[in-house]
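I would like the entire structure built from these sequences, with the hints used as guidance.
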Amino acid sequence: MRPRSSWGQALVLVGPALILLLAVYLYPLARLLALSLTGGADGAVGLAAYRRFLESTVYLGVLLRTFRISLVVTAVCLVAAYPVSYVLSRVGAVTLRTIMVFVLLPLWTSILVRSYAWMVLLQANGVLNNLLRRLHLIDEPLRLMYNETGVIIGMAQVLLPFAILPVYASLRNIDPRLHTAARIMGAGPWRRFWAVTLPLSLPGVAAAGLLVFVQALGFFIIPALLGGSRVITLAMVIETQVVDLLDWSLASAVAMVLLVVTVVLVVGFDRLLGLDKVWV
Amino acid sequence: MSRSLVTLVGVSKAYGRTVAVNNVSLDVGEGEFVTLLGPSGSGKTTTLMLIAGFERPTIGEILVRGESVVARPPEKRDIGMVFQSYALFPHMTVFENVAFPLRTRRLAGPEVARRVDEALDAVRMPGLDGRYPRQLSGGQQQRVALARALVYRPSLLLMDEPLGALDKKLREEMQSELKTLQRELGITTLYVTHDQQEALALSDRIAIMNGGDLVQVGSPLALYEHPATEFVAGFLGDVNLVDGVAAEVASGLVRVQISDGPEVLTLGGLPQAAGKRVRLTIRPERLEIETTGLAGPNAWRGRVREVAFHGELVRYGVEVQSSIVLRVTRPFRGQDTLFAVGQEIWLTSRPDDWRLFA
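One line per chain: the protein sequences are A and B, in this order. Going left to right, the first sequence walks through residues 1 to 280 as our numbering numbers them. Going left to right, the second sequence walks through residues 1 to 358 as our numbering numbers them.
Hint data in this document are derived by calculation from the structure and do not stem from the laboratory. Each hint should be verified, as a subset may be incorrect.
[What the hints assert, rightly or not] The calculated SDA-like cross-link candidates involving lysine to any residue, where the alpha carbons are at most 25 Å apart (straight line), are:
1) B:K76 / B:G29
2) B:K76 / A:W190
3) B:K276 / B:L241
4) B:K76 / A:L198
5) B:K76 / A:S115
6) B:K276 / B:S323
7) B:K76 / A:P176
8) B:K76 / A:F193
Okay, here's the thing in structure tokens:
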């Protein structure tokens, strides 16, 4: 194929998606950036909105909490995902498909439905507390929601598939002959895992961590429903500013901060490990 | 032959109804270089995997120094293995790769370093310890894989088509190095290949497999000169095949009438062959081309049909009968003139160069 025609073809193929992205993503984003720069008195152009955000201990606390929750959620997801991915990488095609359906099922269920389901399970008179009480394991109901615990449980469940899939992909890509070689050289199951499987799956683990962490930073519905008014995250601050306080420029500034953090993380990952690792 | 290290006794391996290895018995002596040779699907790799312990025989025994190892997992068999794909750990340097089996055995740091250096020297790969496998050429990776398989001094070395991924020139170079190294270290080696030239050049003994059966075992020379079956004759080296009827047997010689063609006198081989349909083979380099001759049982008139000049030798196709074209290989020593296509010639052979199969 001649390079010129292949360029033309590429443009035709990518065109529709490109136009869509420009229209519904890049344009609003540019507007958002413009809005965030009009936070001064009487809408004067400047960094006033950013200053208000960064000089407020309340907002910095929210930023810190959002990061902390996202980090814990990422850790929980990775620890929970690894064994599942490991099993997925070692089973036959039929079992694989069956487990995969259960992994992906939550993704096809409305996040709202799932949040309410968690409320039913976790509230003071909920399924879990009643069960524990009936088993006489506890006297007082555990406080499982309207705090960070509830938010973390709910978010980890929603984001788990995003951790399982990249880790599974990296485990599946490990050449089985490496295990054969390690075995004949005298390595038992643990040595094979620590010296071969785990290090070779780390790019997948890193990719999974990035996917989960970046998504967790912007989560709104679950913190709002399971965290209530006690666990305020950045996304909730943005919502409050827009809906209740009508402070669009502050909301835009917070959104831009979130965006910059995300971009820095993604670019950093690409520099260190290569973004293609996320999808292999 | 010296004391045997590995002994297979009636070993079979079946997957459902498919029999991959069928009743194989084989003895590999201490220090010996034995090659399993056969076409793909002949069961040679499965046999290797049975010895390594990655597969369990359906029936039969595998003994190492007289002791059954069938129930022993691969990691406890003290075997070194080299794979066609090298199977080097991509996340480890050359040093770490070669050190892996030593660290698994919990050797002390200085001892590990000393043994790794020694092994890399032995395969002529010094000074590249810090490289990663992807930074090495195919031949270098192969050397590292060999060093890694030898560094813990296993009692048996298994090699599964180790040179299969290399180009021809490098493969021949590695063959002679491999042979030298094996002899120096005296390590018992079981080698799997489908390349008959490689098998001939490397082995003390060759075991030929076909369809799961062990067809014949012997030295390269014995197998080449006295193939037990037509398959062995055809698989190890090149042969011409002709069909005929054995006519008479006298003083160890069999006279065979080629189907609507000339006669051949061969040196016995099949008792009570008279009157039976037989198949004859002769190697291309055992046929002589002459410009004059006398008609007789082993001197046939023919016409050159094809000439192919290969440098050190010339390959001819000679038609001796409308349906029979024999391949002839003659060495080329510089002064000889080549026979021309269409030239009338005489094709002669000696009775003891023909092999007779039922």
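Hint check:
1. B:K76 / B:G29: 21 Å, holds
2. B:K76 / A:W190: Distance ~15 Å between B:K76 and A:W190 Cα, so the pair holds.
3. B:K276 / B:L241: 17 Å, holds
4. B:K76 / A:L198: Distance of about 23 Å is within 25 Å: holds.
5. B:K76 / A:S115: Outside the cut-off at roughly 52 Å; violated.
6. B:K276 / B:S323: It holds: about 21 Å lies between the C-alpha atoms, which stays within 25 Å.
7. B:K76 / A:P176: OK: B:K76 and A:P176 at ~19 Å, within 25 Å.
8. B:K76 / A:F193: Cα-Cα ~17 Å, so holds.
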